[in-house]
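Input sequences plus hints: build the corresponding full structure.
Protein chains in written order, with my numbering: chain A, 1 to 339; chain B, 1 to 109.
By construction, these hints were calculated from the structure, which means they are not laboratory data. It cannot be assumed that every hint is accurate.
Here are some of the chain B residues that sit facing chain A, going by a computed Cβ distance under 8 Å [what the hints assert, rightly or not]:
#1 G25
#2 Q77
#3 G81
#4 Q105
Owing to the predicted nature of the structure, the values given are computational and were not obtained by experimental measurement. Ideal Cβ positions, reconstructed from N, Cα and C, are used throughout, including at glycine.
Spelled out from the first residue to the last, the chains are:
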Amino acid sequence: MIPVNIITGFLGSGKTTLLREILSRPEFSDTAVIVNEFGEVGLDHILLEEVEEGVLLMDSGCLCCTIRSDLKDTLRDLHDRAARGDIPRFRRVVVETTGLADPAPIVSTIAAEPVIRNHYRIGNIICTVEAVAGAQTLAGQPEAVKQASVADRILITKCDLSDAPEIAALEARLHALNPVAAVVRSEGRDFDADFLFAEDLGDAERRAAEVARWLESAARAPAHDHLHDSDTNSFVIVYPQPIDWTAFGVWLTALLHVHGAHVLRVKGILNVQDSDTPVVIHGVQHVVHPPLHLHRWPDEDRTSRIIFITRGIGEGAIRHSLTTFLAAVAPAGGGEAAA
Amino acid sequence: MCGLCGLLGVVHWTETSAHPDAFTGDARRTIRAERSHRAAIVNAALAPLRMKVKDFQASSYILTSATGRSEIVDDIQAVWGAVERLRGAPVDPLDPDWLAALPGQGGKP
Chain A
1 MIPVNIITGF LGSGKTTLLR EILSRPEFSD TAVIVNEFGE VGLDHILLEE
51 VEEGVLLMDS GCLCCTIRSD LKDTLRDLHD RAARGDIPRF RRVVVETTGL
101 ADPAPIVSTI AAEPVIRNHY RIGNIICTVE AVAGAQTLAG QPEAVKQASV
151 ADRILITKCD LSDAPEIAAL EARLHALNPV AAVVRSEGRD FDADFLFAED
201 LGDAERRAAE VARWLESAAR APAHDHLHDS DTNSFVIVYP QPIDWTAFGV
251 WLTALLHVHG AHVLRVKGIL NVQDSDTPVV IHGVQHVVHP PLHLHRWPDE
301 DRTSRIIFIT RGIGEGAIRH SLTTFLAAVA PAGGGEAAA
Chain B
1 MCGLCGLLGV VHWTETSAHP DAFTGDARRT IRAERSHRAA IVNAALAPLR
51 MKVKDFQASS YILTSATGRS EIVDDIQAVW GAVERLRGAP VDPLDPDWLA
101 ALPGQGGKP
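In structure tokens, the structure reads:
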């Protein structure tokens, strides 16, 4: 399965700088980058040749192409051309979104399309936030809040142009907004490509470390669950008893059917009755990815912990619903969920 | 109904039988037992609405409303869409009235 990374971020937040770095670095030599337009990235100094119509090969070995009619066609076409040998094979795809775009539909496209989901899987979503104007953008632009809320990695760019206290305040704001995303700083060229793009749940060797990082990061999040300049909440539901996985699935699918647009992210580690080892779940809005296996618990705690990032839905409503539903339909696993 | 998705191996994330790597140990149910268990849980959830679901040959679910209208769907996610179509409104898990009407909850809050 080829991981697909999504680069999102508001207008002027540094996506293009990040893309230029990806296209020129040797560690992305086996990557296909899908951009909106070649012109906006400025490829002249790193371009090697046009290997196929609309597909450019960089000096680094990285491929770059533009979105054709839509992303589905582009992903299918890239796979077909590589399989035929028309273009070099690639082991990662990076998709650039426009500055005002919601990244969630891209996740939905990859998860829902039967052909695509047999060849590709969602990798980390990386959101760029500019150090100087980032706080102001988050305060005034709901799209920017959404982009940061669904991200797995947040890269604060242009840190060389901002003061340390301002950056620290922005980091705190982003951590409160999305407590499970890793927030890292950049001054232009110095980003850890492996951590941003490759270290994700799809890598079985590093899955436990990623889950441990979620839990540790969520535990450090501010106690309040409501932010002043948006209606975005983030909170952890702790469920002490082993959960009936089937009942949990019935509940979450029902919740997402009605409220999926407002459940921006759900991530968690579950102690399920149906398994000896913990089960990891993660999803973006209506899309829940296949459950994943962990060899062992990341710490001594054996309770299920589910992290929600929601828009306009409070912690109490989710906790009451889950607790009541499980107690009613699967009473053997019933227990009182805690914050 | 198109059978192509089945040929391509599209499975729902809730199905333990489709994700044997994620669920270890002896507690995992067989496919039929899991589907029967799921149908029982959905029926508990639908009891306040006087709707019922039953497994159909371990491949689909048949949803029936109180008036006898029915719809066949592929997976649990599709059940909720069918519920909304048949009754004209979705089941909202955050609705306190619905939660209070679940089995053993003692009626309206």
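Query - Hint check, failures only - result: Of the numbered hints given earlier, the structure breaks none, since each of them holds.
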